[in-house]
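All chains should be built: construct the whole structure from the sequences, respecting the hints.
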Amino acid sequence: SQQGEEDPQALSIQEGENATMNCSYKTSINNLQWYRQNSGRGLVHLILIRSNEREKHSGRLRVTLDTSKKSSSLLITASRAADTASYFCATDYGGQGGSEKLVFGKGMKLTVNP
Amino acid sequence: DVKVTQSSRYLVKRTGEKVFLECVQDMDHENMFWYRQDPGLGLRLIYFSYDVKMKEKGDIPEGYSVSREKKERFSLILESASTNQTSMYLCASGWNEQFFGPGTRLTVL
Chain A
362 SQQGEEDPQA LSIQEGENAT MNCSYKTSIN NLQWYRQNSG RGLVHLILIR SNEREKHSGR
422 LRVTLDTSKK SSSLLITASR AADTASYFCA TDYGGQGGSE KLVFGKGMKL TVNP
Chain B
7 DVKVTQSSRY LVKRTGEKVF LECVQDMDHE NMFWYRQDPG LGLRLIYFSY DVKMKEKGDI
67 PEGYSVSREK KERFSLILES ASTNQTSMYL CASGWNEQFF GPGTRLTVL
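Protein sequence lines, in the order shown, are assigned to chains A and B. The first sequence: position 20 = 381 (the numbering used here), numbered continuously. The second sequence: position 101 = 107 (the numbering used here), numbered continuously.
Keep in mind the hints are simulated off the structure, nothing from the lab. Ideal Cβ placement from N, Cα and C applies to all residues, glycine included.
For lysine-lysine, the following BS3-like pairs were computed, each having C-alpha atoms within a straight-line distance of at most 25 Å:
1. A:K387 <-> B:K63
2. B:K76 <-> B:K59
3. B:K24 <-> B:K59
4. A:K467 <-> B:K63
5. A:K470 <-> A:K417
6. A:K431 <-> A:K387
So these bits of chain A aren't anywhere near chain B, every CB distance computed over 10 Å:
7. E378
8. N413
9. R415
10. D444
Next up, the structure:
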């Protein structure tokens, strides 16, 4: 399977702490994306990093990509209770006929305690 | 505000019934996707479409079919629902970044 794997599968921290989530994948990618899912809802796109980029920031989010290790990390700084959610990495291997398929990991559950 | 809507949030059907799940997007995206989400398995791609009347099988197409008659609408069809199709179904659209609907939680009894 080309599915990415998030690590750890679950993380519980206190409000104000930083949260780091890791994603490993298996083959070359065009880009890697992170999504958030609040309980029982659809996924929301957080950030995309291309294969030729090493680091990207968006607000309190910082994503790194190491293509030699086939891994990415998502750092959420100064976490808030509202960050409690499941987080998924998704890899884009490129598609045929103009389609862009993503392969999602199994997700990891972040709990931020107030 | 961009939007992907799904016809139902919760649905209960009986084994053998034909089930239609509808998805509509208002962003003029060419690509649309259907996933199912199960605990411990993450999201798995069922079918996707990159143009009207075009469709491609995803990783788990068995037991499903799709229809894309108009650009904004992508339907997932369970020809004869079975209990192992009880799941959360998520529709998405987009190129690179995907925009998701709220999901339909389908229970097949």
